[in-house]
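Enquirer: Taken in sequence, the protein lines are chains A and B.
Note that the first sequence covers residues 1 to 634 in the UniProt record's numbering.
Note that the second sequence covers residues 1 to 659 in the UniProt record's numbering.
If you are wondering where the hints come from, they were derived from the structure by calculation, not from laboratory data.
Incorrect hints may appear among the rest.
Unchecked claim - On the chain A side, residues computed to face chain B include the following (Cβ under 10 Å):
1. P509
2. R512
3. D515
4. N585
Claimed, not checked - Derived lysine-lysine pairs resembling DSBU-like cross-links, with alpha carbons at most 35 Å apart:
5. A:K452 <-> A:K365
6. B:K54 <-> A:K466
7. B:K123 <-> A:K110
8. B:K38 <-> A:K430
9. A:K432 <-> B:K38
10. B:K320 <-> A:K600
11. A:K529 <-> B:K356
12. A:K466 <-> B:K67
13. B:K54 <-> A:K458
14. B:K320 <-> A:K597
Built from N, CA and C at the ideal position, the CB exists for glycine as well.
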Amino acid sequence: MAAVAEEEEERRQLRARQRLRVLVGHLRSAEPGAAPALSQCRGIEPGSTDRAAKTAGSIPRRRQEILKWNGWGYNDSKFTFNKKGQGEFTGKRYRLSGMVLPALKEWMEKSFGASLEHRTTPRTTPNLEDLPVPILNEECLKEIKDLGIPFSHDPEDRLIRSHGHCLHEIFALREGKVERIPDVVIWPNCHSDVVKIVQLASKHNICIIPFGGGTSVSDALECPTDEKRTILSLDTSQMNRILWVDEKNLTAHVESGITGQDLERQLSEHGYCTGHEPDSMEFSSLGGWVATRASGMKKNIYGNIEDLVVYIKMVTPRGIVEKSCQGPRMSTGPDIYHFIMGSEGTLGVVTEVTIKIRSLPEYQKYGSIVFPDFEHGVACLREVARQRCAPASIRLMDNTQFQFGHALKPQVASIFTSFLDGLKKFYITKFKGFDPNELCVATLLFEGSREKVLQQEKHVYDIAAKVGGLAAGEDNGQRGYMLTFVIAYIRDLGMDYYIIGESFETSVPWDRVIDLCRNVKEKLVRECKERGVQFPPLATCRVTQTYDAGACVYFYFAFNYRGISDPISVFEQIEASAREEILENGGSLSHHHGVGKLRKRWLKDSISDVGIGMLKSVKQYVDPNNIFGNRNLL
Amino acid sequence: QKDMTLNKRDGFEDLMEERRHSSDLRYAMRCYTPVVYKDLVPRTPSALRSIVLKSDQVQYVIRQLSKETGESPDIISDEAADILEKMGHDLRLSVVRFFAFTLSKIFKALFQKVRVNEEGIQKLHQAIQEYPVVLLPSHRSYIDFLMLSYIMYSYDLCLPVIAAGMDFMGMKIVGEMLRMSGAFFIRRSFGGDKLYWAVFSEYVKTILRNGDAPVEFFVEGTRSRTGKSLTPKLGLLNIAIEPFLMGEVFDMYLVPISISYDRILEESLYAHELLGVPKPKESTSGLLKARKILNENFGSIHVYFGQPVSVRSLATGTVKRSQYNLVPRHIPRKPSGDVHRFLDAVGHRMVILQQKNMVISSWALMATVIIQNLPSIALSDLTRQTLWLKAIAETFGAFVDWPGNVTSDKVIRSSLTLRHNIVKTVKDQVVLCQEGTPTKFTVENIFKYTISVLMCASYRNQILHVFVRPALVAIAFQNAQSCRKEDVYSCFSYLHQVLSDEFIFLPGDLVKDFDEGLYLVTKSGAIQGSHTDLYISEKGSDTISFLSEMFRPFLEGYQVICKYLLSTEFTDHFTEKRFITEIRSYAAELILTGAIKYNEVLSVDMQKNALAALTRLGAMEKMKIANGNVYKVNKQSVTRVANMLVPMAPIKHATVARL
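So that you can see chain B by itself, here it is in the shape it has in the complex (with noise of 0.2 Å):
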């Protein structure tokens, strides 16, 4: 495991070391000659627009709803070939010159390092000419996909095409750039227009079989504002996938790639999303008022390129090709039961392949220690605690970012001073820069003190995905009464069960979600036993213990929204924008009595996921209306889903009693 470790770290590259050193202009006008698909035929973008509009797909699509609507076939054509105009991208090697200059100097002013891990490039570097690439970053940043193209130019290797945003289009001069640098642009949701959802879907697939160029797009399907790995969409990857499953290609890589930030750009206004706030639109008057983001330090990057996945590997054995033979391919369907399946698991594997590679900094560590201390800690107790947490975490396999040649004093308080937006250090003692004691508070102070507390659990959840399996047995080692291996997992299930919304688990691991969880406290210490029976290990209370701290504000959170619902009288259905707002009140009050430890249950993240999750276990009941969604709440099934997170009697585990 060390070495695997030491070779990654080994592996990465400084982007930015060369750029400091030599000229931008030079880097933008060097010759640039990707490698391409073996079997390309090259094509402009203009050609490749009017093939997708011709397409039997699309043109299928066109008589389709002229038969519906009456329209003639003529009008709708038009309208696809304006959509078109409107998404297609429209590389310009122009333009991408112009990127690369500009991009240089924000990076090198934004960043001090941008590291990327060689081995990865290599390897997608053979996968490019192999067969049809699509590439799935994780997104925690407008920055990803700019960063990815960067890097892809700066390593010669093929720009990708990237299914953006549409509020990308809002920024005009900048919008017309980023297409001609690659990006095509989507709307967000286009669930009822089958137009522009075949016009779409085409253009995708004509580029990845044709291989034109890498097709990039986020399977989590928007940038994570808590910091956590969101549930893939599967909408885009089915479209990515179907060429394959059609036979139109023999194999495609499935490039997983893991972007690690030391301080994301947009931490604050995650928080006050998170909190509520509309998030402002995107504008290219913004973009220049965020100029005064370029004198602040954003620490490092890490952009890690995972080993290409073969979808024809995955399929085997999984999904029958054969369905596909009976209709012919141009018609759009929706994806059968087993290829659904199938996308779920691709989709929650591809996600668990980019936290697996995910960069931990110094300050996430620190974060986690710091949202348990609340108000406040002393400074050599965060050090010792933060070294401690490191161990764990690289027992557990997580690949922390920590500078060898100094000091861990000067680390911890040089992340600090990184952060002096979220924390200060006051007497030794380090704080929320937005301080709050309960007796102080009211509404409004409370909002503002969770913007901080959301800040940094942001940073938190960055690491909760090395965590959870392991913390889960924990807390079900606590919550379940007895010391035998099958009440332990019965109660991990559950809890696995009920958190599957907040975190990434792949559908049908359970057990071995389990098995991996137990095998990982056991090996760090903490818990010990036989193939039946389970022990806390004498030092283990401590892990036990911070593990399930650390996951307490979720359980504490799920709790607090499981007593809403009971304690209320629905007379009425209720829809989703009324429990958000009278949960949030709710909490408030909660929190300004000083009932419940963590805010973060004021997060429209985890109440929404929340939500979901009571509505899968069938706690609530959700009904399609007119205008969106409505609940009902099972009251007795909310109930049982309360008690299930908390544990069901005093903790009888006597340390090493039987032993």
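With the rest of the complex left out, here is chain A (with noise of 0.2 Å):
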């Protein structure tokens, strides 16, 4: 008897995979007409304009198909050592895609002591027969079949959204072991798709938990381990049409579950752009952006997510949360958008969201300028943001960076360029005098017409002189910014390598950037040094965004763990102990990669008891039943 009851229902989930794997050959096609008849989604309505028309997104739902499982970005791109033993950057996708990186190798054994002939070996696929068995009662699952919205249960599709790109995420993935994961994923493919899923989850007390890019570094993705209910993965990737522009208000309805390659990509076509570029923004998306806080590179312009978006709609247990008009600026009581920017999927789902765009840049131009020192780059940075005169995008690199920059320069081409190199080296180090173990960089990219960029280059410039900087050129600025999308690949070239790292953030007042990036780095050092990690670490920031009253400042923190039993027990230990040092010394508890799970612990110092008060009775009151239940925030 058992034995046909389950050939019946292997016959029923193979059926219902065939009929899935037609339906993604439709929307692949894009064709208009040729939408699927199972949901009726207004946006993909027959005779919508051209512009709201179906676009294949770049994130198919099979995400595996084409990103890594157990790592970052794409399967093709990736570092590695090539048998000559210098580095490669693998693909074709990136600029330093192909190229090789012969300074890669010794920088790796300087900076952490390691060596290519100690690698470690991680898992090459995932362990799918040690996954959970879902938890899923029958009758539920006839009604999630019932809504006509695809859905898996297949473990690859939920092991992969099991997690976000905290380093014990990515290694635990590697060594397999990996505790709870959803036990259903669902693509809805528009806001009355989620209104439906949301009501269902109500209905069965199911946990929902929304996935977007994927992206978190805040263990946000986490399902929290003793959660006994279903956990429903609501995965927006396949909400990611552009449903209108609006030419006369210059904003756009798009939605939530669009990456900000493909936002930025659909706009261009059409003279537009939002602006909006986190280092994730490949792959993360305009949902997730709302609601971690995100903050993108080019702000200075354009503005932090809460400064571009116009509308949102977000649906919750309770209902759909939303506004009535697109008024710019509103005094209607406290703005309920920021109970959404920043609830983490705490609250529910948002489906819709109106963005500010613009024209597309006329110029752009690239810039950097060398100091002779950390302070006197942090000085400029300060004087810049005085003067308000920051170009599109300004950071800071210390030496430590400025060295692992040069760790990634492609070969050389020609003699002549690596003459030129050289003379720019001698005139900065000897005729300048600065000391190549102290100087630091910074990057700068301009945007907008070409008179106005050529003036605030000059502005900046003339700052930097002031302060002691050299301007060094355009390429070193470009490649700067060129490593900003590759740079996340290197952690699991590091990993092979018993390398484990992770970077981190906070805001911080301008008086105590300085103070605050020496003690966090000695931190960093003295805690490796007394919880036994053998080689010295690799502990370095850079100062990546000006504010009026302050700057956003990113930690890379990294080390060779050989000779250690648990890594990431003491990585995570030594990680916190940083974050304390960082609040002690007046920074955020994050500029932009949220609080998630990883931060909770100091949310109530960082808000005080009847803030959280307050958050506690908005999540009572928007989700009794604790329906997003990753726990995130609270």
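Could you fit the two chains together into a complex? Lean on the hints.
Expert: Pasting the structure below:
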């Protein structure tokens, strides 16, 4: 009897899968009129304008077809060492792709005491057979099926949505030690799908964890291990259409699952952009930005997410929350959007957002400045902020990061360039007397009309000169920004050689920047020593954003863990102590990564007991049964 | 324990040894290249002054004052520059070399040996490179800071900048030269002067932040006239630690330094001061007159550089540094409650660390025995008892400097010779130079005699910190009516409380102090016991009574003071001055009649401590009026205090009765 039932079930699943595949095919083909009849989504109804037409998003439902299951980014792109022991970046997607990086090996050996002979042996495929069986009762399953919305309980689909990109999450994947994962994955196609899903979840007391781009670095996607209810991963990636563009008001109404790169690419086809470029923009989604209070590299011109959104629609267990107009600013009590921004998936699912757009910039120019030391660099950034002439992006790297940048320098094409490099180095270190072990570099990106860019460039370089900086050319700047997207891949290489690392960020008043940077780096070094890390760690920082009243500081921390039995817990303890150091030095709990579960323990001290109570009472009203049970923040 | 003592002894190196065999001139002119802090940005003293003057901190206070007084900021700024000029150090290597030369000559004349623990020097060497360093020497003599700089120079260590009292500036040329050797000067009191405070604190902090040089000051605030450690002063400590609390440095090291003298240059001066004779103002001519002391022998000095203590490790878990996040750091503020408690604990800890590493001289042991046996003691008894005391002191963890290769008889005799200004031997009886037998006493004689007593007592005081915990347990054991440990403890805790202005106890360490005291008396074999009951062992009564007698002068003194307060009808509040004059004549009367044994109650130090203790215990009420403080007595509470200082009933502890 049981066998028959099983067979029946299998057949049914097979059929469901086949149907899904067909569906995917339809979506891929993106032909107008070929919309699936299963769910009626207004956004893709025939007769809608061209712009609103379905354009295939770059992330398929089966993410694992193009993205790594156990690391950052695309399957085809990664750092490796070739047979000659030279560093290389594979694939064709990035400017660095296919290039040889001769200095990488030596840098890794020097910075970490790593050696190419000592490799770790991670799993090459996920341990699907060991994954927990989904918690899902028949009745509920039937109702999900009846919704007619694509879903899956394929272990691979579930696994890849069980984590973000914290070190311990990736480490666990590589080691095959994964605990709780979602039981079902569902791909709503539009806002009304989400409404149905949330209703169903409320009815059956199912836990929903919204999933956008999966780039969280705050444990926000981690499933609570003691969650006994069915966990439904609500993947917004198929809600990725631009529904309309309003050229009179310069806004666009967009579904929340769209990734940054799709949004910018599609807008650019019409001569627009949002200008919101977090470093994760290839994969992270609009809804994710809203839910975490994201910040983009070019916020100096375009603003952070809270400056960019005009309208938000969110589906909660209590109903839909939105505003009734798109006025640019309102005095209507506390801004309800500010309950949504930073709610980290604890209140509901953001489904649609109206976001500001701008004409594509006419002109872009890179630049860089060398300073004798970090203090001079910070002084320059401070002055730039004071005079409010910050370019689209201005970033200051400390000396260690400057040297790391050199490690990723591709092989020089000609003797001439190498000669030129030598000459520059000679000028800066010998003629100007900069200490190569102290100097640091700021990279700049100017954007706007040609005239304005040139004017601003002069202004910034003048300030730099006054505080003792030297303009160091466009190439250095461009190379710096080129690394933006590639840098996230380097951790996977490190992990192959016993090196684990993580980045974390904060925001801090100007007068504290230098003290905080020094103290946190020193804390990292000292903690490593005290906790038995055998090799000196990499502890480095950069100032990535300037504000009127302070700056955003980004830390990179990594060490060689050979000789340590429990590297992840050591790492986490050190990271936590660094966070405490940040807080004691006047830094914030987070500038844009969010709190998630990783930084929960400090939230109370950060926003006071009453503050916590305020958040709790909102949660209590909006989601009394904790349907959105990822347990972030509170 | 023994091994450690041995190591300590072996680790000392005599600095004078080489000076006696090689050229002082060459020594003064040698190449001097001290190690510096790893993040140091070198700058001149004048650049330092201008940084201080332009700092947000000083500028803020200048603007504030200008707003309050209506004075133009420029004028106040000039004033600040002037303060800075007077205060700031102006290190010149030539002057340092001059000092190196002359001090070599002077120290060689004054001292037999200057012994320094090399291990401590090495640790300091490390510490200076790692983080900003604060040197916290004990303060018993003017020689302290000269000696310390001299040692730092000798070991090629960065010369410290020293916060020294302004009175030195009275010495014209010498004051200026001291400045050029790294001292900077502060007024003794500047509570009300905001500008002075701002300039001064910013000056110290600027030096620490940049790590220009180690900063040195005396956590006891002033030279101890009594030989006992003084309660730490927290003002300078707060200034020094603030750069850490505000995150301006990652960490800093506090280095407790113990300077032990066989004989203190100012011994007679101190005794006079304690009896209310004002001290002469420091002047250059005074210093020249003091040249005759060059012909005297002042024995040896031991300088022990303690293990550098990380401020960060002290602060972890006790202070929330985030409290400095919400107000700009340049706006001056009073330390909050938890910071104040932290500073108090750190100050006490540092003084206790100084005490731990003090070296005890043979004379200090002898003085302890002599004081208990006034007016005279047979030489043989003195020798026997001193050796007995030495053994106990060593059991209690003291490091006694006792020459190993001579007979103990010789040690005692040479010690007596060195102290010919205090004691003399008449017919094998050791007596004080200023003889005193109660029959011949007049009030004037009493004071003369007490000078000798206080000089002698000041050496006994050098070792009291070794004994205070076990002795208070012993006294508590005598005073308590039962053998039950908890009764002894409650008695102990009371004594501990009363005497905490007199002796240094770490705040909040009451139980630990009791356990330590009990452990030590048990270790010495005087008391035995289970975890509920305590007994005196067969041979223990000698130890118990010696220990309690050691502290008798204090208990007796406090009793006399209580009695005075109870016997006098105060119609009104009284001032401290009146209290001190009256208690003095009251006590002198009692001594004349032979009613009390110890003259130490005449010491102003004890009187002031008692006043502070009684105020702290609520037996006195302290009120601020226009020109100082006035006090009011609460007789009931005074009676209560007085009663707790004596045994409640005849001592009933039968020795080993229950065993």
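Enquirer: Each of the hints needs a verdict: does it hold here or not?
Expert: The hints, checked one at a time:
| no. | hint | in the structure |
| --- | --- | --- |
| 1 | P509 | 9 Å, holds |
| 2 | R512 | 7 Å, holds |
| 3 | D515 | 5 Å, holds |
| 4 | N585 | 4 Å, holds |
| 5 | A:K452 <-> A:K365 | 11 Å, holds |
| 6 | B:K54 <-> A:K466 | 19 Å, holds |
| 7 | B:K123 <-> A:K110 | 29 Å, holds |
| 8 | B:K38 <-> A:K430 | 23 Å, holds |
| 9 | A:K432 <-> B:K38 | 23 Å, holds |
| 10 | B:K320 <-> A:K600 | 19 Å, holds |
| 11 | A:K529 <-> B:K356 | 30 Å, holds |
| 12 | A:K466 <-> B:K67 | 33 Å, holds |
| 13 | B:K54 <-> A:K458 | 30 Å, holds |
| 14 | B:K320 <-> A:K597 | 24 Å, holds |
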